[in-house]
Structure formats: structure tokens, C-alpha cells
Amino acid sequence: MDRLEARRALDELIAGRWVLSYEIDDAGAKTYTARRPVGWTGHGNPHTRLEAASYRELFGVIARHTRDGAVPAPRDGGPR
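My numbering runs 176 ahead of the 1-based position in the sequence shown.
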């Protein structure tokens, strides 16, 4: 993940467009996930779920997911 991707992912998280968590399966392996916040009405599917094996990989997945340039405005008119 390059700096631009990292910045894009952090912008998405700071703006409140994703909620991060992790799940542990029966074998003890963690899967890191990003989901849209409850009540999401912004750009994209409100039921989107992204997965990765680490937080670093998850940031890359988030950045690639928003790479198409369709970055919505911040919620509540906050700074970008």
C-alpha cells in the first residue's frame, strides 16, 4: 500500500464512512472487516462488507474500493 492509498483509507475512516472490527473463527484466526455504519445513506451499498487478513491489508482494500474517484462529501458537512 502506497502513501496515497493509506491517505485515502484514513480519509474514509475519519469521515465515518466505515466501521472496523475483527472476527475470530473457531480455529482462532482473525478476519478484519470494514462495514458501512448503521443507517448508511451515502454513496454505495449500505450492506458492503470488506475483509482482509490484517489491518494493513484492510486499509488497502478500503483504498481500492474507493479508487474509482467517487468519494462522497463528508457527513454533516465536516472537513475533508
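A portion of the hints provided could be inaccurate.
[As the list claims (entries may be wrong)] For each label pair, taking beta carbons as the anchor points, the in silico distance ranges come out as:
no., residue 1, residue 2, range
1, D202, R179, 18 to 26 Å
2, G204, L180, 33 to 41 Å
3, V214, D178, 17 to 25 Å
4, E199, H241, 31 to 39 Å
5, G218, L180, 20 to 28 Å
6, K206, H241, 15 to 23 Å
7, H241, V214, 26 to 34 Å
To be clear, the hints were calculated from the coordinates, so they are not data collected in a lab. Ideal placement from N, C-alpha and C gives every residue a C-beta, glycine not left out.
Cross-check of the supplied hints:
no. : hint                       : result
1   : D202 with R179: 18 to 26 Å : 37 Å, violated
2   : G204 with L180: 33 to 41 Å : 34 Å, holds
3   : V214 with D178: 17 to 25 Å : 32 Å, violated
4   : E199 with H241: 31 to 39 Å : 19 Å, violated
5   : G218 with L180: 20 to 28 Å : 22 Å, holds
6   : K206 with H241: 15 to 23 Å : 20 Å, holds
7   : H241 with V214: 26 to 34 Å : 19 Å, violated
Checked against the numbered hints listed earlier, the structure breaks hints 1, 3, 4 and 7; every other hint is satisfied.
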